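S.K.: Read off the chains here:
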Amino acid sequence: MLDPGHGGTDTGARGESGAVEKDVVLEFARGVRGALQGEGYRVVMTRNDDSNPSYDDRAAIANANRDALFISFHISSTGTVGTARTYYYQFWSPIPAAGAPSTPNPAPGLTGWEEAQRLHAEMSHRFADALQVELAQRFSNSPGRSAGVALRGLRSIDAPAVAVEISSVSVSDPSSLSAMAAQLAAGITQCVAGFRPASATGTK
Amino acid sequence: MPRNLKIALGILAVGVLIGLISLRGLHQRMLHLAETQAAEEKARREVLAPPISTPTDVKSRAQIFWAVSPDRIASADVQLGLSADPVQRAKQILHSLIEDPPTAEQRTVPADATLLAFYILPDGTAIADFSDALASETPSGILSEQLTVSSITRTLASNMPSLRRLKILVHGQEVDTLAGHVDLTGFFDLNPNAPLVPLPAPGAPAAAPSAPQSKPSR
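If you read the sequences in order, they're chains A and B. Under the numbering used here, the first residue of the first sequence is numbered 1, with each subsequent residue one higher. Under the numbering used here, the first residue of the second sequence is numbered 1001, with each subsequent residue one higher.
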């Protein structure tokens, strides 16, 4: 599952040089889709035009597919230009207090939509770390490890899910962002090929 | 050299001289204007978000997390008058985070953001209610939003060891995200394993402030 962030009236970050996040991430996602399809993977995108599905709409598309890996693409408005960061959803710790639980527990066997990602927290962390290793090799000065952040766009995804953010729209030449697409696609393809979620069946 | 050319050159030289003098004056006026704006901004903020002082304030060391690069925050030791009342102490610490960054580049919370209210629940949950500017003026992006939230949570966690987790509200309301990415519908861990500390009863004298945790800086 590839998820180009933003879209439509939600442009995301905008740079003075004209870089617009919603357009660049769509370009990134299309590049990654081509690279993954070339390796035989089935790829679904949450948007492939200038639409802006809601977080829940994106999650619905993702959750309709079994054994998926979910990657959301973003461009930052700050940060060291040319670096890449991978994030996974970091949930808060439940408070071990007597009384009612802090969040409602779904019935056994059911996954709560609002926190579907909680079931995949460990796998998402592993996937994010593996991807960040690949990206750090390709984009100098990028951190060596992923970071846990409460990202709204990942919370309802019922699959291992990460977000990749490239820095940044403040580039002086927007084409330098486009030039990162090939390396991004190569890093993701390499990572996906080597990553084996617990539920993987061995098929692409 | 023809006379006309000499006259033209003379006029040009006078023009350049006048231009240079004017530019210098313009530059000085711009500097003066910037200083005036900064002074006015400071005065405005002192009215909107005046420093918080209480009768139990004691000068103490506090660790405030500001940006040290476009990608990273780290703690800085500052001396603050800190109240014995945990709610007031938290307000004083967050006030310093917003008001006292050493440079504009180190700012992690928008300058126009103010802390409207702060509550502590009996289970150690803190609730910080910020003005709209927190959401509307934080640059959109995972990294920038995370730096803002991290600077708030790590500053509180370091200086308020009894707080277990934080809920961030914007203008009294729960909002979906800070600026499009970071989820504000849940909680943020502060010191999740902290033992429960009974809150002082309303009107009861508060205990002396505890020293901040000594955590390694990042």
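No lab work stands behind these hints, which were simulated from the structure alone. Quick caveat, the model's predicted, so the values are computed rather than measured. Be aware that one or more of the hints could be misleading.
[To be verified] Residues of chain B clear of chain A, computed beta-carbon distances all greater than 12 Å:
| hint | residue |
| --- | --- |
| 1 | Ser1053 |
| 2 | Ala1067 |
| 3 | Asp1071 |
| 4 | Leu1184 |
| 5 | Thr1185 |
| 6 | Pro1192 |
[Stated by the list, open to error] In silico contact screen, one side only, chain A against chain B (beta carbon under 8 Å); selected entries:
| hint | residue |
| --- | --- |
| 7 | Gly8 |
| 8 | Thr9 |
| 9 | Gly12 |
| 10 | Gly15 |
| 11 | Arg42 |
| 12 | Val44 |
| 13 | His74 |
| 14 | Ser76 |
| 15 | Ser77 |
| 16 | Thr78 |
| 17 | Gly82 |
| 18 | Phe139 |
| 19 | Arg145 |
| 20 | Ser167 |
Every residue, glycine too, gets a C-beta built ideally from N, C-alpha and C.
S.K.: Any hints this thing doesn't respect? Which numbers, in order?
M.R.: 2, 3, 4, 5, 6, 7, 8, 10, 11, 12, 17, 18 and 19
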